[in-house]
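A.B. asks: These protein sequence lines map, in sequence, to chains A and B. For the first sequence, counting from 1, position 64 maps to 65 in the numbering used here; every step adds exactly one. For the second sequence, counting from 1, position 78 maps to 607 in the numbering used here; every step adds exactly one.
Certain hints may be false.
[As the list claims (entries may be wrong)] Within a straight-line C-alpha distance of at most 30 Å, the following computed DSSO-like cross-link-like pairs (lysine-lysine) qualify:
no. : chain 1 : residue 1 : chain 2 : residue 2
1   : B       : K827      : B       : K637
2   : B       : K748      : B       : K730
3   : B       : K694      : B       : K892
4   : B       : K694      : A       : K5
5   : B       : K790      : A       : K71
6   : B       : K853      : A       : K52
7   : B       : K892      : A       : K52
8   : A       : K71       : B       : K748
9   : B       : K692      : A       : K17
10  : B       : K692      : B       : K755
11  : B       : K638      : B       : K755
12  : A       : K23       : B       : K907
13  : A       : K5        : A       : K71
14  : B       : K907      : A       : K71
15  : A       : K14       : B       : K892
[What the hints assert, rightly or not] A few chain A residues that face chain B, going by a derived Cβ cut-off under 8 Å, partial list only:
no. : residue
16  : Q15
17  : G18
18  : F25
19  : D28
[As the list claims (entries may be wrong)] Among the chain B residues that face chain A by a calculated CB cut under 8 Å, a handful are:
no. : residue
20  : L718
21  : L871
22  : K907
If you are wondering where the hints come from, they were derived from the structure by calculation, not from laboratory data. Keep in mind it's a predicted model, so treat the numbers as computed, not measured. Yeah, the Cβ is synthetic: ideal placement off N, Cα and C, and Gly gets one too.
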Amino acid sequence: MNLKVLEAINEVKQGKGEPTVKVFNVDTHLRDDLGLDSFDLAELTVRIEEKTGVDIFANGVIETIGEIEKQLESGS
Amino acid sequence: MAVNSSFYINDSTEISYDNFIVQIASGKIYKDKSFSTTLEFLTNLIKGIIHHVDLTLVDPLIQGYDPSEAAIDVENLGKLDFNSMVDAIVNSTSKITIFTSGTTGQPKKVTHSLSNLIREVRTSTRHRGAIWGYAYNPTHMAGLQVLFQALLNGNTLVDLFGKSKSSVISMLENHTVTHLSATPTFYRLLLPLNRPNTSLKSVSLGGEKSDTLLIENLKTSFPNAKINNIYASTEAGTLFSADGEYFYVKSHLLEKVRFRKSELEIHASLLGSGMADQEWYATGDLVEWKDDDKKYFKFVSRKNEMVNVGGNKVNPHDIETQLKSIERVIDCLVYGVPNPILGNMICADIVVKDSSIDEFTIKKILRNNLENYQIPRKINIVDELKTTRTGKLKRK
Chain A
2 MNLKVLEAIN
12 EVKQGKGEPT
22 VKVFNVDTHL
32 RDDLGLDSFD
42 LAELTVRIEE
52 KTGVDIFANG
62 VIETIGEIEK
72 QLESGS
Chain B
530 MAVNSSFYIN
540 DSTEISYDNF
550 IVQIASGKIY
560 KDKSFSTTLE
570 FLTNLIKGII
580 HHVDLTLVDP
590 LIQGYDPSEA
600 AIDVENLGKL
610 DFNSMVDAIV
620 NSTSKITIFT
630 SGTTGQPKKV
640 THSLSNLIRE
650 VRTSTRHRGA
660 IWGYAYNPTH
670 MAGLQVLFQA
680 LLNGNTLVDL
690 FGKSKSSVIS
700 MLENHTVTHL
710 SATPTFYRLL
720 LPLNRPNTSL
730 KSVSLGGEKS
740 DTLLIENLKT
750 SFPNAKINNI
760 YASTEAGTLF
770 SADGEYFYVK
780 SHLLEKVRFR
790 KSELEIHASL
800 LGSGMADQEW
810 YATGDLVEWK
820 DDDKKYFKFV
830 SRKNEMVNVG
840 GNKVNPHDIE
850 TQLKSIERVI
860 DCLVYGVPNP
870 ILGNMICADI
880 VVKDSSIDEF
890 TIKKILRNNL
900 ENYQIPRKIN
910 IVDELKTTRT
920 GKLKRK
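In isolation and in its complexed conformation, chain A is listed as follows (with noise of 0.2 Å):
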């Protein structure tokens, strides 16, 4: 579990004044497990981007944990 994904997606949820999550799989859907819609998601990209460097939006639709981290692992 990428700590610094855990991170942004904790600043989005609490952003929103929503419960922060404690653990995600590669598996966990952004939108249907986390509730993130495409206004949470551009926020993750650019908060993930100031963390890791990385815009995991660069190769297209990010829709899952393990999307981000394949993205994260290819562009850094």
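Fit chain B to the known structure of chain A by using the hints.
C.D. replies: Frame of chain A; chain B shown alone:
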């Protein structure tokens, strides 16, 4: 005339035209209520229209609006069929009130006659059999335009509003959707597809400025579709369409639109009521002419500083006013940052009195007075405002 058997389909419901027409013939009508399902909303809307009831279309997202939810009983119109339903819609005296996205804090009401709303709807045998992907919010202008275009031609609506990428793709395929109209943001979230969709014949974009990369991606993903750009607004409904970036002024609109210092102005007769009282309404949209005959033009930018966030217009000054009203906030600057998902994302730089207030507390306060799309997604606490900074942090 031959109509499709289904009027509306979503992941769990399918309703035929026969069934829908029975439901709208009689029963209760709510003049202003937010509905939990699109089908309930559509049923109430069309029932209201064919019974000549004035309606206010309430989006559940509108804050500070308290619908009375009082139901009225209407007379049973008896045995309707498709053609008599269409006649009843076309001849309805209903006034429909919708809300603009709030440019001055609270959203503004605009009231349209039904004839105004269906002005650009085209019905003919050419339009029969279409299956529409219904991607817009049904309570807003673009959603109404698609609804009437589909309904008056006996087409099917496949509800895609708010669905995830994977369900949109499977619904497009499973229901062999032929027509799709949505914002550039919707398409940016949808593409690229794993395999091209060959059933789409018409793909339309509206609500935001599109770009050539997106158009190219659409052509690859929907190889059999004609790509159209549509210019429409809450104030005036659909006005222009184009198959590329250049729009053409149709002859019936020649007397009703004009261009002053490159800004598009719309004649009051095309507008809903509740707008400014002047004869001409300045849209704030700046255009550029293709050639000297003044027929083809493209949109280049907005005259003012409005930021388009996923199709919603945000005025940075409204948000700055709210931020500055927060105790311990000394100064602020709100701006849009280009974003591949939303077109633009709202950000704010703020100067605070002391560090006892953080980003999350500020967002919590803003949620009381602003729409979700107006709230800055990134709030940076800075020592001083860098108002001269250029590039992506500069507000246009």
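A.B. asks: Please go over all the hints and tell whether each is borne out by the structure.
C.D. replies: Structure-based check of each hint:
1. The hinted pair formed by K827 (chain B) and K637 (chain B) meets the criterion: a straight-line CA distance of about 28 Å does not exceed 30 Å.
2. Taken as a hint, the K748 (chain B) and K730 (chain B) pair is honoured in the structure, with Cα atoms around 11 Å apart against an allowance of 30 Å.
3. Between K694 (chain B) and K892 (chain B), the direct Cα distance comes to roughly 28 Å. Compliance with the 30 Å bound is thereby established for this hinted pair.
4. Distance check on the hinted pair: K694 (chain B) and K5 (chain A) sit about 25 Å apart at the alpha-carbon level, within 30 Å; holds.
5. Restraint check for K790 (chain B) and K71 (chain A): the C-alpha separation of about 50 Å exceeds 30 Å, so the hint is violated.
6. Using a Cα cut-off of 30 Å, the hinted pair K853 (chain B) and K52 (chain A) holds, with the two alpha carbons roughly 29 Å apart.
7. Distance check on the hinted pair: K892 (chain B) and K52 (chain A) sit about 21 Å apart at the alpha-carbon level, within 30 Å; holds.
8. At most 30 Å may separate the alpha-carbon atoms for a hinted pair to count; K71 (chain A) and K748 (chain B) meet this at roughly 28 Å.
9. Between K692 (chain B) and K17 (chain A) the alpha-carbon distance is near 20 Å, which keeps this suggested pair within the 30 Å criterion.
10. Simply put, K692 (chain B) and K755 (chain B) have alpha-carbon atoms about 24 Å apart, close enough for the 30 Å limit, and the pair holds.
11. For the proposed pair K638 (chain B) and K755 (chain B), the alpha carbon gap of about 34 Å is over 30 Å, so the pair is violated.
12. At most 30 Å may separate the alpha-carbon atoms for a hinted pair to count; K23 (chain A) and K907 (chain B) meet this at roughly 22 Å.
13. A distance of roughly 14 Å separates the Cα atoms of K5 (chain A) and K71 (chain A); the hinted pair therefore holds under the 30 Å criterion.
14. Between K907 (chain B) and K71 (chain A) the alpha-carbon distance is near 25 Å, which keeps this suggested pair within the 30 Å criterion.
15. Restraint check for K14 (chain A) and K892 (chain B): the C-alpha separation of about 11 Å stays at or below 30 Å, so the hint holds.
16. Nearest Cβ of chain B to the Cβ of Q15 (chain A): about 5 Å, under the 8 Å cut. The hint holds.
17. For G18 (chain A), the interface hint holds, since its Cβ comes within 8 Å of a Cβ in chain B; the closest pair sits about 6 Å apart.
18. At its closest, the beta carbon of F25 (chain A) sits 17 Å from a beta carbon of chain B; the interface hint therefore is violated under the 8 Å criterion.
19. Using the Cβ-Cβ criterion of 8 Å, the hint placing D28 (chain A) at the interface with chain B is not satisfied: the shortest such distance is roughly 13 Å.
20. For L718 (chain B), the interface hint holds, the least distance from its beta-carbon to any beta-carbon of chain A being 6 Å, beneath 8 Å.
21. Satisfaction of the interface hint for L871 (chain B) is found here, the shortest Cβ-Cβ separation to chain A being roughly 5 Å, below the 8 Å cut-off.
22. Nearest Cβ of chain A to the Cβ of K907 (chain B): about 6 Å, under the 8 Å cut. The hint holds.
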